Amino acid sequence: MTGISSYLARTVFPLLEKDPAVEEIRGLDLKAPSFRSDKLRFIQADVRDPELARHLKGCDTLIHFAFIVMPIRDEAKADDINIAGSKNTFQAAAAAGMRKIVYSSSVAAYGAWPENPPVITEDVPVRGMPTFYYSRAKAAVENFLDGFEKEHPAMVITRLRPCIFVGPTIENAVKDILGAKMVPYFRGYPSRMQLVWDEDVAQAIHLALKGDFPGAFNLAGDGSLSMQEFAAILGVPSLPVPYALAYWGGRLLWSLRLFGQLSPGWIECIRYSIIVSSDKAKRVLGWKPSCDTAGALRRLIASLPPA
Numbered sequence: 167m168t169g170i171s172s173y174l175a176r177t178v179f180p181l182l183e184k185d186p187a188v189e190e191i192r193g194l195d196l197k198a199p200s201f202r203s204d205k206l207r208f209i210q211a212d213v214r215d216p217e218l219a220r221h222l223k224g225c226d227t228l229i230h231f232a233f234i235v236m237p238i239r240d241e242a243k244a245d246d247i248n249i250a251g252s253k254n255t256f257q258a259a260a261a262a263g264m265r266k267i268v269y270s271s272s273v274a275a276y277g278a279w280p281e282n283p284p285v286i287t288e289d290v291p292v293r294g295m296p297t298f299y300y301s302r303a304k305a306a307v308e309n310f311l312d313g314f315e316k317e318h319p320a321m322v323i324t325r326l327r328p329c330i331f332v333g334p335t336i337e338n339a340v341k342d343i344l345g346a347k348m349v350p351y352f353r354g355y356p357s358r359m360q361l362v363w364d365e366d367v368a369q370a371i372h373l374a375l376k377g378d379f380p381g382a383f384n385l386a387g388d389g390s391l392s393m394q395e396f397a398a399i400l401g402v403p404s405l406p407v408p409y410a411l412a413y414w415g416g417r418l419l420w421s422l423r424l425f426g427q428l429s430p431g432w433i434e435c436i437r438y439s440i441i442v443s444s445d446k447a448k449r450v451l452g453w454k455p456s457c458d459t460a461g462a463l464r465r466l467i468a469s470l471p472p473a
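With our numbering, you'll find the sequence shown wraps up at 473, consecutive numbering, no jumps.
Be careful, since some hints might not be right.
Under the rule of at most 27 Å between Cα atoms (straight-line distance), these lysine-lysine pairs were calculated in the DSS-like manner [unchecked claim]:
no., residue 1, residue 2
1, Lys-197, Lys-253
2, Lys-316, Lys-223
3, Lys-376, Lys-454
4, Lys-454, Lys-341
5, Lys-205, Lys-376
6, Lys-376, Lys-448
7, Lys-446, Lys-266
8, Lys-184, Lys-454
9, Lys-223, Lys-266
10, Lys-223, Lys-197
11, Lys-448, Lys-184
12, Lys-253, Lys-316
13, Lys-184, Lys-376
14, Lys-446, Lys-376
What follows is a set of in silico ranges between Cβ atoms, one per label pair, in the way DEER data are often shown [to be verified]:
no., residue 1, residue 2, range
15, Ala-250, Pro-186, 35 to 41 Å
16, Pro-403, Ser-469, 20 to 26 Å
17, Pro-319, Glu-190, 24 to 30 Å
The hints are simulated quantities; they were obtained by calculation from the structure and are not laboratory data.
Since this is a predicted model, take the numbers as computed values, not measurements.
C-beta: ideal position from N, C-alpha, C; glycine also.
Kindly produce the complete structure, drawing on both the sequences and the hints.
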């Protein structure tokens with residue numbers, strides 16, 4: 167498992183630890199994880215290491231989490247880790263004779279485009295947004311996997327595409343909004359969003375490990391929320407804001423290093439909707455999310471300590 171110190175790895179690890187079919191978990195990262203287990207063998211390693219295959223020999227399945235999610239200003243460095251590092255990791259898995267890859271992708275790989283269908287299924291091509299780093303990088307990795315699959319037809323390659331996931335200890339843009347006195351939305355852009363609970367994503371990863379399920383699988387809580395509905399659940403007012411004002415204001419704040427978890431690319435992403443169907447994951451993986459989108463938000467609010 168690459169990125170063993172990541173939030174998602176910490177969330178899925180208890181399921182793997184309890185699974186009697188999992189004999190050993192080799193956790194690769196530059197930073198040691200905060201948890202310990204008799205099943206865990208931590209290896210300090212960089213996904214860009216040309217000799218990475220030596221750490222993977224004898225393993226059946228690669229779960230690839232290592233990825234810089236929140237924006238950094240050095241995109242060349244981010245590309246080296248996220249894109250080149252992912253390519254190197256997949257090639258190392260093949261060189262080590264591994265049988266299966268489970269890759270944690272994202273619905274962001276589809277891109278938030280005005281012509282997106284109302285509901286996106288897995289057959290819709292990924293067309294990451296060049297101006298939104300996370301979307302661009304996730305799409306680039308998936309495009310590489312398209313060719314990699316053809317070169318390694320015997321390998322089982324599962325791509326999981328979760329929407330924004332939330333949980334009690336995650337730090338992301340959604341959690342940042344929870345303390346706001348009001349929630350802005352873009353006038354003239356009736357976009358909607360989906361959420362999924364972090365443990366539900368972990369469940370899907372575990373299911374993908376237990377069986378062989380080649381292909382892509384969207385993961386999202388049922389339903390969706392407009393920003394006005396999001397604000398109503400928070401119990402705060404919503405405020406219409408011109409998109410141009412938000413975008414250029416966001417660029418200014420980002421340049422001044424005052425924009426927290428959001429880059430201007432995130433503003434572009436929420437202008438249009440990425441609403442996905444998770445029917446395939448439910449039907450093929452047997453995935454059973456514990457709550458819908460609105461329920462995930464309410465659960466997140468309830469998990470926070472009192473102000």
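Structure-based check of all given hints:
no., hint, result
1, Lys-197 to Lys-253, "holds, 21 Å"
2, Lys-316 to Lys-223, "holds, 22 Å"
3, Lys-376 to Lys-454, "holds, 15 Å"
4, Lys-454 to Lys-341, "holds, 24 Å"
5, Lys-205 to Lys-376, "holds, 17 Å"
6, Lys-376 to Lys-448, "holds, 15 Å"
7, Lys-446 to Lys-266, "holds, 20 Å"
8, Lys-184 to Lys-454, "holds, 19 Å"
9, Lys-223 to Lys-266, "holds, 13 Å"
10, Lys-223 to Lys-197, "holds, 21 Å"
11, Lys-448 to Lys-184, "holds, 23 Å"
12, Lys-253 to Lys-316, "holds, 14 Å"
13, Lys-184 to Lys-376, "holds, 13 Å"
14, Lys-446 to Lys-376, "holds, 17 Å"
15, Ala-250 to Pro-186: 35 to 41 Å, "holds, 36 Å"
16, Pro-403 to Ser-469: 20 to 26 Å, "holds, 24 Å"
17, Pro-319 to Glu-190: 24 to 30 Å, "holds, 27 Å"
The structure fails none of the hints (numbered hints given earlier).
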